[in-house]
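Participant: Could you put the whole structure together from the sequences, leaning on the hints where they help?
Chains A and B supply the protein sequences, listed in that same order.
Just so it is clear: in the first sequence, position 28 is 28 by our numbering, and no numbers are missing.
Just so it is clear: in the second sequence, position 434 is 434 by our numbering, and no numbers are missing.
Treat each hint with caution, since some may be false.
Said to hold, decoys possible - Per label pair, the in silico range of CB-to-CB distance:
#	chain 1	residue 1	chain 2	residue 2	range
1	B	420	A	55	32 to 38 Å
2	B	477	A	64	29 to 35 Å
3	B	81	A	86	55 to 61 Å
4	B	405	A	237	36 to 42 Å
5	B	428	A	112	28 to 34 Å
6	B	81	A	56	55 to 61 Å
7	B	412	A	126	56 to 62 Å
8	B	428	A	204	28 to 34 Å
9	B	146	A	126	49 to 55 Å
Hints listed in this document are in silico derivations from the structure and should not be mistaken for laboratory results.
Glycine included, each C-beta is placed from N, C-alpha and C at the ideal position.
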Amino acid sequence: MLKIQNLHAEIDGKEILKGLNLEVKAGEVHAIMGPNGAGKSTLASVLAGKEDYEITKGSVEFEGKDLLDMETDERAKEGLFLAFQYPVEIPGVSNINFLRTAINEKREYLGQEPISAKDFMAMVRERSKLVELDSKLANRSVNVGFSGGEKKRNEIFQMAMLEPKLSVLDETDSGLDIDALRIVAKGVNALKKEDTASIVITHYQRLLDYIVPDFVHVLYDGKIVKSGPKELALELEEKGYDWIKEEVVNH
Amino acid sequence: MADYTENELAKDLENKEYEYGFTTNIESEKIPNGLNEDIIRLISSKKNEPDWLLEFRLKSFKMWEQMEEPDWAHVKYQKPDFQGISYYAAPKKQKYESWDDVDPEMKETMSKLGISLEEQKRLTGVAVDFVMDSVSVATSFKEKLSELGIIFCSFSEAVQEHPDLVKKYLGTVVPQSDNFYAALNSAVFSDGSFCYIPKGVKCPMELSTYFRINEAGTGQFERTLLIADENAYVSYLEGCTAPQRDENQLHAAVVELISLDGAEIKYSTVQNWFPGDKEGKGGVFNFVTKRGICHKRAKISWTQVETGSAVTWKYPSCILKGDDSVGEFYSVAVTNNHQMADTGTKMIHLGKNTKSTIISKGISAGKSQNSYRGLVKIDRKADNARNFTQCDSLLMTDRCGAHTFPYIECENPTAQLEHEATTSKIGEDQIFYCLQRGIDEEKAIGLIVNGYCKDVLNKLPMEFAVEAQKLLTISLEGSVG
Ligand SMILES: Nc1ncnc2c1ncn2[C@@H]1O[C@H](COP(=O)(O)OP(=O)(O)OP(=O)(O)O)[C@@H](O)[C@H]1O
Ligand SMILES: [Mg+2]
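Facilitator: Set out below in structure tokens:
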């Protein structure tokens, strides 16, 4: 599904990603952990196509296509979804209107008819239940006046509505209480299918109790420096990142 | 003197070595360029006007001659050459018996402008009075309206058919001496709309007039007079679009609203005149005087979406004369490229317990300049007056400008005045968020801007709101930077 090879990216002349490799297959869940400032959000932004970053080397293949060659909105329409670490507020634009626009843009891109109002509303009801999002929030302006936790839940709600192939969740668990965490995880798990995949960026092994990853990667200084089974997350939680840093240095 | 004819004028002009002559072509008939008493007499006689109206025009002209063109607005432009304008143009074929008689070419132009009357006609509940080059060419739904005693016709027709009403109210809200452009309009106005809603009648449909400027170099001096008698209600829509022209065109309209005791007038405008090209060449100069008077418990709301014109100078205002009257102003003004807009409102509180609300959303893109100018005046006798003002500015680039000039004159200590103002730049984060959800940049800007203007767009009648939303998106195409 996704193949990142030797990816180098910089912002304002500063190199952040320094030769990153990662392969994600359909049906898999990958967790990415790593210290603050390691480049996790940068990776998410680069995949999504944020313009501020310059790709200096490497390649990214998504479903057999050159991802880096696509416009930001095209990537989304091809099935890439990013749950933002800091979701953005759009005053005056209702969540529903926003989502309907997004869904119809995608459908148009795929050569499909716009979704009918009836089907759309049925979908809103069903999917908002999945993440236990108050239906009132669906009618409010996008993220405006939402609590931190509500914003994160809204991201998962949008994900559920847009049915992406690959979802990148950037610290969706931070700021969530334990119930919300469970709900978000439930949403992610419910959407898991054979032909979809997700990359879950997190600092806490706690989330991985609910969303069980197939692989755990450590991102450090712009590279994936260690990969392992889900037990690696436990080890990281216990020992911190210092031993990884040492390993890297000793190499 | 009312008999002064075209031939006599021609002779006069010959004596004065006139160089332009009559520019009558196949489609339309113009009178010679320039402005003097004779021209005014000619306009008046062409329209077969009563003497009192000719006197009104001549008096206005004398006032205008004594006045100076104002330059306090935050706009810069090449002042119009008032002698280089023809003050009257009418399509040769003036009236159409039915819609089918209307020139197909004219219909096509309208469709291109997105104001297809065919579509409008299907939208039941909308009566359209289409004004092209100053003379009404199509009026519909008239019968239905007249059953209720509602008069909705061109201004010229009203002068002929309802002279008493016109005489009673013309110039009572915007006196001839009010300002330079109002005086000019009062002297030379060509046509416009007239509307009267009788006592206690709620007009069952939105009354709609589309104005446009057609003839190159033709000044447009529309005159609108709208009277809602006691406890009447009317919602009036004015849409303006003009085709592309190289030279600047002057538009100086006057709109007067009279809301008698307990009456309510909702006046909505979508203005989309040619703003000039990317280099700032061409475009319409829009210098409009719009004002309404509210008697006891009466209400006037102005809602405007302004995306067009090279230079806009416009302050729809309310005189809250009667106790417990209410004035509202909701405005979205978009400027792009080299456009300049100086717009806002005046709320003049004279009566007790009068209330006004001002919500202004300015959006500047390109190298444009967008100013809000508002006056809230509370008279000595206006006890317990209240005003709420909110002015927001949204910047699309680093090269454009947004300015607010709120003036307050308060002579009564019981007044409650609130003012809020914000300026923000369109968020790149917001656009990225939309893009990531698969919404392309143009649509994203449309969404964000429409969201930003929602409080105002919500005030527009449904079908107008949809049009306005499209217009906002179109006028901001490719404008982020
Ligand atoms: N405009 C910029 N100029 C220079 N450095 C930048 C710029 N933007 C981000 N960075 C740096 O890039 C590095 C990676 O940031 P990133 O947000 O990807 O980290 P992260 O792994 O997501 O961290 P966290 O765990 O705190 O979310 C940081 O050191 C950050 O300071
Ligand atoms: Mg981060």
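Participant: Check the following: the C-beta atoms of residue 81 (chain B) and residue 56 (chain A) are separated by a distance inside 55 to 61 Å.
Facilitator: With a Cβ separation near 59 Å, residue 81 (chain B) and residue 56 (chain A) satisfy 55 to 61 Å, so the hint holds.
Participant: Do residue 428 (chain B) and residue 112 (chain A) keep their Cβ atoms within the hinted range of 28 to 34 Å?
Facilitator: holds (30 Å)
Participant: Starting from the range 36 to 42 Å, see whether the pair residue 405 (chain B) and residue 237 (chain A) falls in it by beta-carbon distance.
Facilitator: violated (60 Å)
Participant: Taking the Cβ atom of residue 428 (chain B) and the Cβ atom of residue 204 (chain A), is their distance within the range 28 to 34 Å?
Facilitator: About 30 Å separates the Cβ atoms of residue 428 (chain B) and residue 204 (chain A), which means 28 to 34 Å holds.
Participant: Given the hint of 55 to 61 Å, check if residue 81 (chain B) and residue 86 (chain A) actually sit that far apart at their C-beta atoms.
Facilitator: Given about 56 Å between the Cβ atoms, the range holds.
Participant: Lying within 56 to 62 Å: is that true of the beta-carbon distance residue 412 (chain B) to residue 126 (chain A)?
Facilitator: holds (58 Å)
Participant: When you take the CB atoms of residue 420 (chain B) and residue 55 (chain A), is the distance between them in 32 to 38 Å?
Facilitator: With Cβ atoms ~44 Å apart, the hint is violated.
Participant: If I claimed the Cβ atoms of residue 477 (chain B) and residue 64 (chain A) lie 29 to 35 Å apart, would that claim hold in this structure?
Facilitator: holds (34 Å)
Participant: Taking the beta carbons of residue 146 (chain B) and residue 126 (chain A), is their distance inside 49 to 55 Å?
Facilitator: Since residue 146 (chain B) and residue 126 (chain A) have Cβ atoms about 53 Å apart, the given range 49 to 55 Å holds.
Consistency with the previously given hints fails for numbers 1, 4, ordered from lowest to highest.
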